[in-house]
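The lines below spell out each chain.
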Amino acid sequence: MDTLLAFGQRSGIYDFMHSAWGWPTVESLHFTGLCLLIGTVGVFDLRMLGVARGIPMHALHKLVPWGVGGYLLNVTTGVMFVVSAPDQYLFNPAFQVKLSLMAIAGLNVLFFYRFVFGPVRAAGANAVPASARTAAAVSLTCWVGVIVCGRLITYYRPPYHWCFWC
Amino acid sequence: MLLDYLVWLEETPFSTWMRESGPAFFSSLVFHSVAMGFVVGVHVATNLRILGVAPRVPLTLMRRFFSVLWVSLVVVSVSGVLLLAAYPAKGLTNPVFYFKLVAVLAALGITRALLRGCLRDPRYDDAPAPKRARWLAAVSLLLWAVAVTAGRFLAYTHNMMMASHQY
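Those sequence lines, one after another, are chains C and G.
According to my numbering, the first sequence is numbered sequentially starting from 500.
According to my numbering, the second sequence is numbered sequentially starting from 41.
These are calculated hints, taken from the structure and not from any lab test.
Where a beta carbon is used, it is the ideal one built from N, C-alpha and C, also for glycine.
Be careful, since some hints might not be right.
[Unchecked claim] A short, non-exhaustive set of chain C residues, derived as facing chain G with CB atoms under 8 angstroms: (1) Y513; (2) M516; (3) S527; (4) L533; (5) T539; (6) G541; (7) L545; (8) L548; (9) A551; (10) M556; (11) A558; (12) D586; (13) G617; (14) Y654.
[To be verified] Straight-line C-alpha distance at most 20 angstroms; calculated EDC-like pairs for lysine to aspartate or glutamate: (15) G:K171 with G:D161; (16) C:K561 with G:D165; (17) C:K561 with G:D166.
Using the sequences and the hints given, assemble the complete structure.
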């Protein structure tokens with residue numbers, strides 16, 4: 500935790516975030532990144548789950564790089580929050596669950612591109628294999644869960660002993 | 041005059057319950073955020089498609105995602121009204137709130153125009169969207185970013201939390 504805080508203070512992120520409009524500005528970017536992710540990856544997941552039948556998967560997948568952009572924006576802004584107030588995050592059960600869901604979503608991405616994307620691409624506009632629907636359901640559940648947990652971070656103001664690893 | 045009305049509003053049992061029960065307020069916040077993701081998300085996908093990203097997606101079929109959009113729009117509106125019910129003075133006395141409302145309504149106006157235009161016209165399924173539609177899509181994306189930003193700033197720019205604290 501001290502390392503994170505020291506990094507925040509040395510890099511100037513801490514000072515920026517605690518300046519007049521630093522925190523809300525970065526929060527707005529974080530929410531915008533969320534919309535990019537849901538609007539591309541989430542929409543692609545919905546398509547695999549059977550929404551908007553008729554749209555070819557590989558054609559819709561062209562949106563996903565914008566979602567990756569949103570994800571990178573959110574990792575950057577997320578790190579800016581954490582190094583500016585590490586105690587508010589590391590001990591926070593909502594934050595811990597959020598990171599766990601992100602890890603599951605990450606593994607799901609690896610699984611999807613290794614085993615599922617080939618058949619999905621081949622399916623064109625037709626029904627996708629069951630494995631793709633599972634991957635889509637896991638992805639959508641994780642990302643919605645990430646938003647829920649992100650929102651709940653401000654609900655929990657946890658005592659220090661709640662941290663599992665500190 | 042307005043303050044008196046706001047005091048009356050925030051002293052209604054429902055408003056008090058929204059503030060004090062804990063889960064009521066936070067579940068509204070959670071629903072507002074998740075539904076925002078899908079409302080803005082479907083707009084992101086559709087507008088990017090109009091702007092020429094993912095050109096092989098038949099444009100008229102993007103409308104099939106709009107059922108998700110309409111449901112999310114209802115959730116966003118209801119949770120938004122509930123959040124407003126908890127702290128009516130906080131939002132209604134803040135110009136940023138009206139700014140956000142105008143941005144959202146303008147963006148939805150563009151959606152309506154696009155739904156009557158290129159999103160219904162099979163000619164553009166595999167041809168680039170008309171220039172006017174591209175402009176509208178770009179402005180729509182900008183308006184959503186403005187609305188999201190204004191929404192976030194509502195938590196920092198309010199003049200008062202509660203009207204009854206002004207006396």
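Status of the hints after comparison with the structure:
no. : hint               : verdict
1   : Y513               : 18 angstroms, violated
2   : M516               : 13 angstroms, violated
3   : S527               : 4 angstroms, holds
4   : L533               : 6 angstroms, holds
5   : T539               : 6 angstroms, holds
6   : G541               : 5 angstroms, holds
7   : L545               : 6 angstroms, holds
8   : L548               : 11 angstroms, violated
9   : A551               : 4 angstroms, holds
10  : M556               : 10 angstroms, violated
11  : A558               : 4 angstroms, holds
12  : D586               : 21 angstroms, violated
13  : G617               : 18 angstroms, violated
14  : Y654               : 5 angstroms, holds
15  : G:K171 with G:D161 : 14 angstroms, holds
16  : C:K561 with G:D165 : 16 angstroms, holds
17  : C:K561 with G:D166 : 15 angstroms, holds
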